[in-house]
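K.L.:
Fit chain B with the ligands to the given chain A structure using the hints.
Protein chains in written order, with my numbering: chain A, 20 to 300; chain B, 2 to 270.
Honestly, the hints are just simulated from the structure, not real lab data.
Treat the numbers as computed from the prediction; the structure is a model and nothing was measured.
Hints may contain errors.
Pairs of lysine to aspartate or glutamate residues, derived as DMTMM-like cross-links and limited to a Cα-Cα distance of at most 20 Å, are as follows [unchecked claim]:
(1) B:Lys-103 / A:Glu-189
(2) B:Lys-204 / B:Asp-154
(3) B:Lys-184 / A:Asp-32
(4) B:Lys-157 / B:Glu-144
(5) B:Lys-40 / B:Glu-242
(6) B:Lys-102 / A:Glu-189
(7) A:Lys-204 / B:Glu-99
(8) B:Lys-102 / B:Glu-242
(9) B:Lys-102 / B:Asp-91
(10) B:Lys-50 / B:Asp-21
(11) B:Lys-20 / B:Glu-35
(12) B:Lys-157 / B:Asp-140
(13) B:Lys-102 / A:Glu-186
(14) B:Lys-162 / B:Asp-140
(15) B:Lys-48 / B:Asp-233
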Amino acid sequence: MSDVLIKKRILKDHLAKLIILAISIIVVVPLVLILGYLIINGLASINLDFITNIPKPVGETGGGILNAILGSGIIILTALILFVPLGIGGGIYVSEFSDTLLSRILRLSIDVLQGTPSIVIGIFTWVICVVPMGRFSALSGSLALGVMVLPIVLKSTEETLKLIPMELREAATALGVPYYRVVLKVVVPAGLKGIASGVLLGTTRISGETAPLLFTAFGNPYMSFNILKPMSSLPLVIYVYATSPYDEWHKLAWGASLILILLVFGINMAARIFFSRRDGR
Amino acid sequence: MKESVLFERVILGSTEEAKDIILQLVNLSAYFCESRIVKNINLAIEKNKVTSIMGPSGCGKTTLIRCINRMHEMSPGGTTKGEILLYGKDINNMNAIEVRKKIGMVFQRPNPFPTMTIYENVIAGFILNGIRLPKNIMDEIVEDSLSKAALWDEVKHNLGKRGIYLSGGQQQRLCIARALAMKPDVLLLDEPTSALDPKATAKIEELIVQLKESVTILIVTHNIAQAARVSDNTAFLYLGELVEYEPTKKLFTIPRDKRTEEYLTGKYG
Ligand SMILES: Nc1ncnc2c1ncn2[C@@H]1O[C@H](COP(=O)(O)OP(=O)(O)OP(=O)(O)O)[C@@H](O)[C@H]1O
Ligand SMILES: [Mg+2]
Numbered sequence: 020m021s022d023v024l025i026k027k028r029i030l031k032d033h034l035a036k037l038i039i040l041a042i043s044i045i046v047v048v049p050l051v052l053i054l055g056y057l058i059i060n061g062l063a064s065i066n067l068d069f070i071t072n073i074p075k076p077v078g079e080t081g082g083g084i085l086n087a088i089l090g091s092g093i094i095i096l097t098a099l100i101l102f103v104p105l106g107i108g109g110g111i112y113v114s115e116f117s118d119t120l121l122s123r124i125l126r127l128s129i130d131v132l133q134g135t136p137s138i139v140i141g142i143f144t145w146v147i148c149v150v151p152m153g154r155f156s157a158l159s160g161s162l163a164l165g166v167m168v169l170p171i172v173l174k175s176t177e178e179t180l181k182l183i184p185m186e187l188r189e190a191a192t193a194l195g196v197p198y199y200r201v202v203l204k205v206v207v208p209a210g211l212k213g214i215a216s217g218v219l220l221g222t223t224r225i226s227g228e229t230a231p232l233l234f235t236a237f238g239n240p241y242m243s244f245n246i247l248k249p250m251s252s253l254p255l256v257i258y259v260y261a262t263s264p265y266d267e268w269h270k271l272a273w274g275a276s277l278i279l280i281l282l283v284f285g286i287n288m289a290a291r292i293f294f295s296r297r298d299g300r
Numbered sequence: 002m003k004e005s006v007l008f009e010r011v012i013l014g015s016t017e018e019a020k021d022i023i024l025q026l027v028n029l030s031a032y033f034c035e036s037r038i039v040k041n042i043n044l045a046i047e048k049n050k051v052t053s054i055m056g057p058s059g060c061g062k063t064t065l066i067r068c069i070n071r072m073h074e075m076s077p078g079g080t081t082k083g084e085i086l087l088y089g090k091d092i093n094n095m096n097a098i099e100v101r102k103k104i105g106m107v108f109q110r111p112n113p114f115p116t117m118t119i120y121e122n123v124i125a126g127f128i129l130n131g132i133r134l135p136k137n138i139m140d141e142i143v144e145d146s147l148s149k150a151a152l153w154d155e156v157k158h159n160l161g162k163r164g165i166y167l168s169g170g171q172q173q174r175l176c177i178a179r180a181l182a183m184k185p186d187v188l189l190l191d192e193p194t195s196a197l198d199p200k201a202t203a204k205i206e207e208l209i210v211q212l213k214e215s216v217t218i219l220i221v222t223h224n225i226a227q228a229a230r231v232s233d234n235t236a237f238l239y240l241g242e243l244v245e246y247e248p249t250k251k252l253f254t255i256p257r258d259k260r261t262e263e264y265l266t267g268k269y270g
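Okay, chain A solo, but in the shape it has when bound (with noise of 0.2 Å):
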């Protein structure tokens, strides 16, 4: 190859990376400017007050949101426990038995759902859960997170078990171990990580969620640890706050958003460590 041609390609190649530099700074600069903007605007209302108290009536200053992160975390605590067990043991489900009329129609219907837009979800749970129940409650939010973390759930352990090969379950089954514990003890523990973010990254997704839960856990300015009863949440405090006319409350709107992405962050980075030390062993 003549040394002009050498030097084409090489030129070639800088301008590759170039252009693969330039594409990954502008997919990193709107998180960055969210976050500093977060973190410029939330930072001035974040102090141990803020996260120790609970909201002071209009007029007053100070307060705090204390009731909204405990909020959030019972709803999409009573969230996970109800509808993870569902979604794994319907991936395990989907993806052992993937011929089955059952598989096919619950794959179509966990397909919509994960199309469904959060506003209908809230309206269809406050039908089926608020009116009946007469009144607003944590609990209803729980179920329209829960029917949103479903999906995720349910997609992330079906294509993490997929992916466990053949040849691990018939190590076991050689060793004479019965089919369901082949599922349950193989692999499924090997898909585990797998199953596992899935839970995480549905966690996320649902810890910002507002929509469904403004007909359902409703908001509530006191303290309220009754999941029968309205609840407040990040979300709902951050929407009601923001949309408010004072200013004393856009202050708190913008240190609760900074709270709310620093224990998403939290929870993922959480996550990570754990995992990574696991695999090390």
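P.N.:
Relative to the frame of chain A, chain B with the ligands by itself:
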């Protein structure tokens, strides 16, 4: 269909010395959906001997031995016809789980359980079946199986390490130990050394010869030299048919069938 000489001798009772037969295949055929892969095979396996199954790629060796521990029926479309007698009892009338406990298997590619330690891998058959044993008995089984698989000395200080961090040859010996821990009567080996280097291969071959004292071994190989080195009897399979089944020495020195001879001289590769 022509039956092998050994089989005739055993079945017709015209043997000079009575052979101790553990496993007998009678008119065994195996199918994938409509296509017949293994064709009407009659074969008697001697107890505490090494029997090798040899033949060109794609002739149905893997399919054949997967019938023997009823793994073939797990494959989509896999069905069998004929009988497989273990101590005279048809395994198709036995519980598949029981069959697989009596007839262990080691696969072509090492497949230790990735989430388990070396220790756990050895007793995986117990763990996965939910059988709880006292610690000292488990320790005993682990040491015993690993020693039989000639792996104990290499791993005894690292039993808590994950099985997948071993070398390929060590992993394969771990898989042999895992199968031995179940105390099977028969051990099926499907080209156990095809993924290994010559040194690891030599180690496993040595091991096979030692093991036959306690377990009957059926080994699939398309390495002719390997069959000659380790086995007492050799079956030659061609296009799903059993062409010849003889004591290894005899088959290698005076093959009766032209196809066997051609295979031995490298005509099919
Ligand atoms: N799951 C399957 N479905 C359909 N046909 C199959 C399947 N597995 C194997 N076969 C066919 O059965 C035949 C025998 O395959 P088998 O794996 O038993 O051969 P083999 O003798 O073990 O070959 P090798 O030495 O390459 O391992 C092949 O022709 C193959 O195409
Ligand atoms: Mg094979």
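K.L.:
So, for every hint listed, does it hold in this structure?
P.N.:
Each hint, compared with the structure:
1. In summary, the hint linking Lys-103 (chain B) to Glu-189 (chain A) is supported, as the alpha carbons are separated by about 16 Å, within the 20 Å threshold.
2. Only pairs whose Cα atoms come within 20 Å are accepted, and Lys-204 (chain B) paired with Asp-154 (chain B) is accepted, the gap being roughly 13 Å.
3. Between Lys-184 (chain B) and Asp-32 (chain A), the direct Cα distance comes to roughly 60 Å. Violation of the 20 Å bound is thereby established for this hinted pair.
4. Annotation: proposed proximity of Lys-157 (chain B) to Glu-144 (chain B) holds, straight-line Cα distance about 8 Å (limit 20 Å).
5. A distance of roughly 5 Å separates the Cα atoms of Lys-40 (chain B) and Glu-242 (chain B); the hinted pair therefore holds under the 20 Å criterion.
6. In summary, the hint linking Lys-102 (chain B) to Glu-189 (chain A) is supported, as the alpha carbons are separated by about 13 Å, within the 20 Å threshold.
7. A distance of roughly 19 Å separates the Cα atoms of Lys-204 (chain A) and Glu-99 (chain B); the hinted pair therefore holds under the 20 Å criterion.
8. Among the hinted pairs, Lys-102 (chain B) with Glu-242 (chain B) is inconsistent with the structure: their alpha-carbon atoms are about 28 Å apart, more than 20 Å.
9. About 15 Å separates the Cα atoms of Lys-102 (chain B) and Asp-91 (chain B), which keeps this hinted pair within 20 Å; it holds.
10. At roughly 10 Å between alpha-carbon atoms, Lys-50 (chain B) and Asp-21 (chain B) fall within 20 Å of each other, so this suggested pair holds.
11. The suggested pairing of Lys-20 (chain B) with Glu-35 (chain B) is violated, with an alpha-carbon distance near 36 Å, which exceeds 20 Å.
12. A hinted pair counts as satisfied when its Cα atoms are at most 20 Å apart, and Lys-157 (chain B) with Asp-140 (chain B) qualifies at roughly 11 Å.
13. Simply put, Lys-102 (chain B) and Glu-186 (chain A) have alpha-carbon atoms about 18 Å apart, close enough for the 20 Å limit, and the pair holds.
14. For a cut-off of 20 Å, the pair hint linking Lys-162 (chain B) to Asp-140 (chain B) stands: about 15 Å separates their Cα positions.
15. Taking the CA atoms of Lys-48 (chain B) and Asp-233 (chain B), the gap is near 11 Å; set against the 20 Å cutoff, the hint holds.
Hint violations for this structure: numbers 3, 8 and 11, all remaining hints satisfied.
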